[in-house]
Amino acid sequence: MEPLILVVEDDETIGNFISAVLTANGYKVIRCTGGKEAIQMNASHVPDLILLDLGLPDMDGLEVLKNIRMWSKIPIVVVSARGYEREKVQALDMEADDYIVKPFGTSELLARIRTALRHGIRSKDGEEKQESFVTIGELKIDFDKRIVQMAGERIHLTPIEYKILALLSRHPGKVLTHDYIIREIWGPYANESRTLRVNMANIRRKIEKNPGEPQYILTEMGVGYRMADK
Amino acid sequence: MDNQDYRPDPEAILEKIKDEEEKETGKLKIFFGYAAGVGKTYAMLDEAKDRYNMGTDVLVGYAEPHERPETLRFLEGLPVLPPKIIPYKSMELKEFDLDEALKRKPRLILVDELAHTNAAGSRNRKRYQDVEELLNAGIDVYTTVNVQHLESLNNVVEDVTRITVRETVPDYIFDRADMVKVIDIEPEELLHRLKEGKVYREERAKTAMNNFFTVENLKVLREIALRKATERISNENQNERVMQEKMASTKFLVCIGASPSSAKCLRWTARAAEAFHAHWIAVYVEEEDMPASEQKQAIRENMELAEKLGAEVTTLNGHDIAETIAEYARLSGITNIVVGKSRNKKTIKSLFEMDFEDKLISLLPQIEVHIIPDSALTRRFKAKGRLIFLKPHLSFKGSDMIKMAGILLISLLLCEGLQTLNFGEQNVIMVFILSVLIVSRITEGYFYGVFGSIVSVLLFNFFFTEPYFTFNAIGNGYPLTFLIMLLVALITSALTVRIKTQARLAVEREHRTEVMYEINKKLLATRETENIVSLVLDYAVKLFGRSVILYTINDKAEMNGGFLQSEEEEDASFMRSDDEKAVAHWVFVNQKRAGAGTDTLMGAGAYYQPVLFQGNVLAVIGLSCKKGNLDHNNRLFLRMIAPLVAMALERQRLSDEQRNILVETEKEKMRSNLLRAISHDLRTPLTGILGASSAILENEGTLNAETNHQLVVNIREDSQWLIRMVENLLSVTRIKEGTMNVTKTLEAGEEVIAEAVGRIRIRYPGRNILVKVPEELLEVPMDGTLIAQVIINLLENAIKHSKEDAFIEIHLEKQEKWAVFEVLDNGRGILKEDVPYIFDSYMPGGDKPLDSSRGMGIGLSICMSIIKAHNGRMEAENRSGGGAAFRFYLPVEEN
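Heads up: the sequence lines are chains A and B, in that order. The first sequence lines up with residues -12 to 217 when you count with the numbering used here. The second sequence lines up with residues 15 to 909 when you count with the numbering used here.
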């Protein structure tokens, strides 16, 4: 059965274009233009994914997100404008699955939706089962043996570097905010954004061909990092 | 925009104005009595209690209880500020704690005994200065004062009661009081209270009764007090206009000198001027001879008294005091002159010379001259003063002695010759007179002239009168010859000495004027506050031979100090200490001089004077007093220089303001240029989109697939272009208005590049982009979004100007304190004539944007603004192998 997607978007033109693209790519689309309506429709239709615009006429998009998250783990991709990094970080902290920046192209939109749906399925199937290894491109990580291999060659990482890489690799395609990574690695109340940056630079120099053009760990400016999803 | 609709509420504005007014100064209420014990403190506490009960924030700053039980009872229930304990010798003195009071900042504070002199080590010498600070801080003050403590009435009270009161309050404090409440009881009742011990304790009461509290004294004091209060009331009732007229018509001038009688003259004039509501000027005429240091001290004290009493103090130079004063009076429209006069003994000199006041009257027949008699005490002082006065002229100097002896010897030998040649006695006398003249001319002071003349007479007597080689010369009227010779010698030497002093004074004056002129000239030619400061410091150190500090304030009201150490002093670094800075700060706030040699913060190591311009302190100049306090001349000189400095600083401030306006207009121009360019640039793609989409819609079915596809591609391209444009414009809004600054955070340079390259790759898939970042992580403070935007613009520019398969390179490297981002292409490069304007949104004279094929000109100019806002720089050049290189530098360290 095709996945059902709830598109919350107050601009009609954008709504038209999104639903045209999604329908053409084998999704079923339901649409609404306001926050309250979105909450209702989520309850009544139980979609597989919500595409949520943060600038809504009747209520703040973040409020909608908070409301839905209180009782549902449905994948949510928020749509925001460029330059509003704080808003994106806030949305991710409220457990939005991903974000997409306006203006976006169709391929970008489809990629985000695919990734988010996959995450949703994974978390639905047995509470994030821990895989013992992951392969992303030429990067292989064996979580049991704590071994990292790049194109068959073993990479030596410090314990912190390994932890960061492992964390990112467990969520390929998903943006992890700086705060989230720091919390996971160093614990709460730590202020290690500089250390994180330095570690990240070191990891990149070990696994990337050119740290200036990373293939695996991608930077989301002002928000966090994302492991490539391949 | 929501602030377009915002209209300030007029009532809020009124409220604000009211607030500000209230903030300015507190109100002063004086409880005024004629003697201790009339019940001032009692009345003050009573009223304070009422206000406290009504909810006013009242604080008892200091109450002198004299252990009076009734008074003490009143203190109960009122918040009392604990006194500051100041150790003094073996005692502990309790003083009013000014700093704590300022810190607590109550609505109303009670400070008893306005005339009190603070213990050494307090900030201010007098309590009234404390009160002034409280008022300036916007705190209302209640205080008490007795009539005998008023400066201008001081001597009147003294005359009446024969008791000298040392603790005085300047009259202006009394005059500026917003309210004066007279506390009055019958003298008999006061005496009765005194006997009961309500005023002083038993033992003290007795002494007080014998000395001061007699019925006669009290009656007179009461009269003076009530009269003073009446005067105040009648002043208040005066019509403003009448007062102005009077002020214009009457102007007092009082002559002051070193004599203590000057103080009496000053007080008299102060009272008279007050009664007439007239301006008054105290004038000191600098004498030709340098006064002795004791006299200088007396003069300075008198000048300070004059200032305290509210006079304008002027120093004049001149040989003849009467003429100088007359000239000054004529020029400044003086109507009344006050002089002190002591009864001199008649001397021969006085027979020939006109009295000072007579001369004054003859010179200024239309001016009223008031003569204030001098008391006996002063004459003694004057006699002593004269002696001191002569002293410097009686000093011995070996070289002068030799000069004198030599000249006398030469004249003796010459006379011998004349004698042998029989030229006659009269020529011998002439030669001797000439020699005395020469001696007076080339030596210093009276001494050698007088001594020389006596010696000449003796020599003449010994060698050239019969009988020769004896001192006997009785006959032939020789004694008369001796007398004439002596007189001639004395007069000539006195004359030459006077001429010499005058010449010296003239030179000094000339020097001063010259220096002033020079400073003024240099200041006029100096720009920038720092340069003005360093110039003033240079001159001040040269002139005063002391270390100098000059504080100026910047537009954020912070004090900046420029300091210059004098070579004549060992170490004056103490002037940079926080303590000294606090003194300077006090001067800024209170607009009064302070520090060593003044009444305020006299413990400081330097003397501080405000540089005022139209009632604002623009700077504070401090002179080290390690070598001793400044003398009157130095202070005067400083006061003459201050306005010059003030003017220079004010000029600088104005020019800064003007420059800011210029920058503002420049920005405005840039903005409007940008807007013009945008509106032009936006129209093109919009027209394209509209045209293409209408073509598809209106020709459905008739268009072939290829054309249809091409139109859609065009629509997409144009929209992409529009999006980039909008993103660029949005990035400009991130640069803060006004400061033209950005919020910087540390970012990894490579991540910013990666972000930009990633976005470019989505836009231009298949283009070759080479990224090179340093091995070492390079962190740079920046607004990441903006810098990414810059890189995107540069990359896009490079892509547009090179072939499809060309390589675009982006490099990041560290060069000393700079992070250098470089975008290279091997396209057609930049046109030579465009290089100077490449970062401008508009070319001068041309209406077309730099890159008319889609306004990259705006992109580059936005890059420039962003880099400038980061305190970085940007450059563009053609590479030697073809193509262009764009480079921008960001500082690696903050600031």
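Accuracy of the hints is not assured; some may be wrong.
Stated by the list, open to error - Once the Cα atoms are required to be at most 25 Å apart in a straight line, the calculated SDA-like pairs of lysine to any residue come out as: (1) B/LYS814 / A/GLU200; (2) B/LYS786 / A/GLY209; (3) A/LYS89 / B/VAL834; (4) B/LYS758 / A/LYS196; (5) A/LYS196 / B/PHE370.
Stated by the list, open to error - Away from chain A, derived, C-beta distances all over 10 Å, residues of chain B: (6) TYR66; (7) LYS209; (8) ARG314; (9) PHE476; (10) TYR482; (11) SER591; (12) MET684; (13) SER708; (14) LEU760; (15) ALA768; (16) VAL771; (17) LYS786; (18) LEU791; (19) THR799; (20) ALA802.
These are calculated hints, taken from the structure and not from any lab test. Ideal Cβ positions, reconstructed from N, Cα and C, are used throughout, including at glycine.
Problem set entry | Hint check, failures only | Result: hints 3, 4, 5, 14, 15, 16, 17, 18, 19, 20 break, sorted rising.
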